[in-house]
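Listed here are the chains, written in short residue letters.
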Amino acid sequence: MNRNIFISFGLHTLLVIITAMSLPFLAKKPIDIPPIVSVELIQITDKTNIPFAPKAKKTIEKVKEKEKKLASEQAPPKMVKKEKPDAVPLPDEKIDKVKEIKDEKQNPEKIETEIKQVSEFEKKDLFDPNSIAALIDKSKVESAETDKKLDKITQDQDKSIDFGGLSLSEEDALKAQIFGCWSIPLGLPLSNDLLVRIKLQLKPDGTIEKMEMLDHIKMNTPGKEKFRTLADSVRRAVQLCNPLRVPTTGYERWKNMILNFNAREMLQG
Amino acid sequence: MIFKYLILFLILLPIKAFALIEVDITRGNLSPLPVAVSPLSIDENSKESFSKILKKENIGLEISIIVENNLRQTGLFNPLDKDAFLQKPDIANLKPRFEDWNLIKAQALITGKVTFVDEKLRVEFRLWDVLAGKEITALAFTTVPSNWRRVGHIISDKVYERLTGEKGYFDTRIIYVSEEGPKTRRVKKLAIMDQDGFNNKFLTLGNELVLTPRFSPTNQMVTYLSYFRNLPRVYLLDIETGMQEVVGDFPGMTFAPRFSPDGKKIIMSFAKDGNSDIYTMDLENRIVERISNHPSIDTSPSYSPDGKYIAFNSDRSKYQQIYVMKSNGKNVKRISFGNGLYGTPVWSPRGDLIAFTKLHKGKFYIGVMRPDGTGERLLTENFYQEAPSWSPNGRVLIFYRETKTNSKGEGFSAKLWSIDLTGYNEKMVETETDASDPSWSSLLSN
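Going line by line, the protein sequences match chains B and R. Going by the working numbering, the letters in the first sequence line up with residues 1 to 269, in that order. Going by the working numbering, the letters in the second sequence line up with residues 1001 to 1446, in that order.
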C-alpha cells in the first residue's frame, strides 16, 4: 500500500517537474539581441590615395606611348599618287590656291564641293581598302562634328553678337542643358549655404578647359560638410554636361563664365 | 588743356570690354543618382573562413547587396546592374578604371575589401566620384563576423551621408507589435527587427495585449502599453536584459507613452473618470508631474527634439485637433485647422515638421505640417492607416496600414509601410507576421 503511494508520489513529482521545466514563462531566456558593438572607423583616404609608384608610372606611360604609336602607324590612309594621264597639268600657282581654300574651310557643308567626278579608270587606279577605311573614319568624325555643331546655337538664334551677355535663348539653352545634369542632393537642410559658384574657362566648342570652385576654401572647412556635398554635386553636373551648349559665335564673350548654382528653390519644394 | 582733351579722348575711345557672364542655375533633376556597388573583394582564405562561420559563400557580395538594397529603398539612388560592370572587384578597389564606370553611366562607385583577421571581420570600403575620378570617402570597420549585416548598413549610412548631405537611417531597428490570428482573437507580441526586416526577434510571449511601443533615445529601453490582468498600464522594458517594470502607480489607466529627448522622463496620458490629461514621470526619482489640466481628452503627447515644447491631440475644441504647448503645460496653441480629425502628432527629429494622422470623409491620411501649423501636406491616403514614426534623419515615416475585411470577416491584414517626405517613395516593410504600431530607433552607430 505504502509502496504504491510512494511510486505514485514519485511519478507525480516527476510530472510536475517536467511540466514546470517546459513551461515557457519559467524557462524564459534572456533576449538574444546582438550587442551593439563599437566599430573602428579609420580615415584611410590619405594612405590609399597615393598615386602610382614612379616605376609603375613610367611603365604605364611607356605602354601608353607604344599604344599611341601603334595607333598612329595604322591610322593614316595609304597615300596614293594620283596618276591622270589625260589630265591637263595646271600651273603651280593655281594648285596652291586650291589647297589654300581647302585648308581654310571649316564648314562641313562645304564637303560637297570636294566630291569630284572621276572616270571609271581613275576609280580603279584609286582603289585602296585602307583609304576607304580612312574615309569611313573621316566621315564619322565629320558627322560627329556636324552633330556637335547642330547641338550648338546657330547664328540665326544668336541675336546678341558683340553685346555684353548671352541672349535669352542662349542662356535658356545652356540652363536647360545643365538642369538635366544637376542631381540636387535632396537631403540638404534649408540654410544660407545653398549657393555654389563655379568659374569656367571654355574652348570655342564649349569644352571645359579650366574649372574653378569660387568657394573652394569653404568646401574643406570643418562643419561645412553639407556645402561640400552640394559643391560636389555641382562639379559632377558640370562634368556631366561637358561640352557645354554655347553659342557658335562671340567666343570672346563667353570663354570665361561663372555659373551660380542655387539649390534653395528646389529644396523649398 | 591738352591734358584734359587727352583724358576726354581716352574716355570716349571705344574700348571693347567683355564683362564676365554669370548664369544662375536654380533647377536640377530629381532622378535617382546612378551608383555602382561593386561586390567587396575577398581573398580565398577569408572566403573559406567566413563560409564556415556564417554559412555564406561570398560575404563580400552579400554585404554589397545590403548596401545596394538600402540605397535603392531611399528612392534617391539607382544602383546599377552588377552584370554591366566591366572591372573586377579586387582591381576596382585598388584603382578603378573610371572610363569603364563612366561607360555604364555610374556617377558614384562603391568598392571594398573583406578580410578575416584575428577571428574578426574587417571591412574596408571606398566611395569614388566617377566623373571627377577621385576617392571621396574611405573607411574601415572591424567587428565580430556575426555583425556583417550591420557593417552593410553602416556603409550605406556613410555613402548616403556623403552623397545627400544628411545622416543615413540604415543602421537602425524598428520595434513593432506583431499580430497573429483572426481579427477577433489577435495574439499581439512586441517584436524588434532591423530596419530592412531582418533579424526579427520577439520580446514578449503574447499572453497580454501590448500596444504603442516606443524606443528610448539610447535604444536600450522600450516603453509600451500592456493590458496585464486587463488593466492597461505603461511599462518599461530593457531590451538587453528582458526586465520589465510598471511606470508609476496610477489608480486608473495610463497610455500613449513616449520618452523625453534626454531619456530621463516618460510622458503619457492618464485617464480617470472619463477625463484624460498629460503627465510626465521622472525615471530617476519617480516624481510625477501633471502637464495638462483640461476637462477634455488630451492624449498622444510628443516632445520637440529640444524638449521645450510638447505636441498633443485634444478634443477641447469639440473635435480632435493638434495642439502645441510649452513643456511646463503653458501657452497651449491649436495648430491644426483643416477639415477632419487630427491625431497622433509626432515631432520630427529635425524639429522642422510634425507628422500626424488625419481622418476625413472616412479616409485616413498620414501628413506633415510645420510646428506652427502651416504648410500642411498629406503624404498618403488609405482605408485605415495610422501611428507614424520618424526615421532618425527626419526624412522617412513608417506607419501601419490595415486592409478591409470581406463580408465573411476574412482578408484582414495589418502591414508596415514607409513613405518619404516627397510622398512618392511609398514602400511596404516586410515583416514575418502582421504588424502594427511601429517605432523607429535612433542610429545605433552614433
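Where hints are given, some of them may not hold.
As the list claims (entries may be wrong) - Pairwise CB distance ranges, derived in the manner of DEER restraints:
#1 Lys218/B / Asp1282/R: 43 to 51 Å
#2 Lys1088/R / Lys218/B: 55 to 63 Å
#3 Lys218/B / Lys1330/R: 38 to 46 Å
#4 Lys1088/R / His216/B: 29 to 37 Å
#5 Asp1372/R / Met211/B: 26 to 34 Å
#6 Thr1184/R / Arg3/B: 49 to 57 Å
Keep in mind that the hints were calculated from the coordinates and are not lab data. The beta-carbon is built from N, C-alpha and C at its ideal position, and this holds for glycine as well.
| request: Enumerate the violated hints, using their earlier numbering and listing them in ascending order. | output: Violated hints: 2, 5; rest satisfied.
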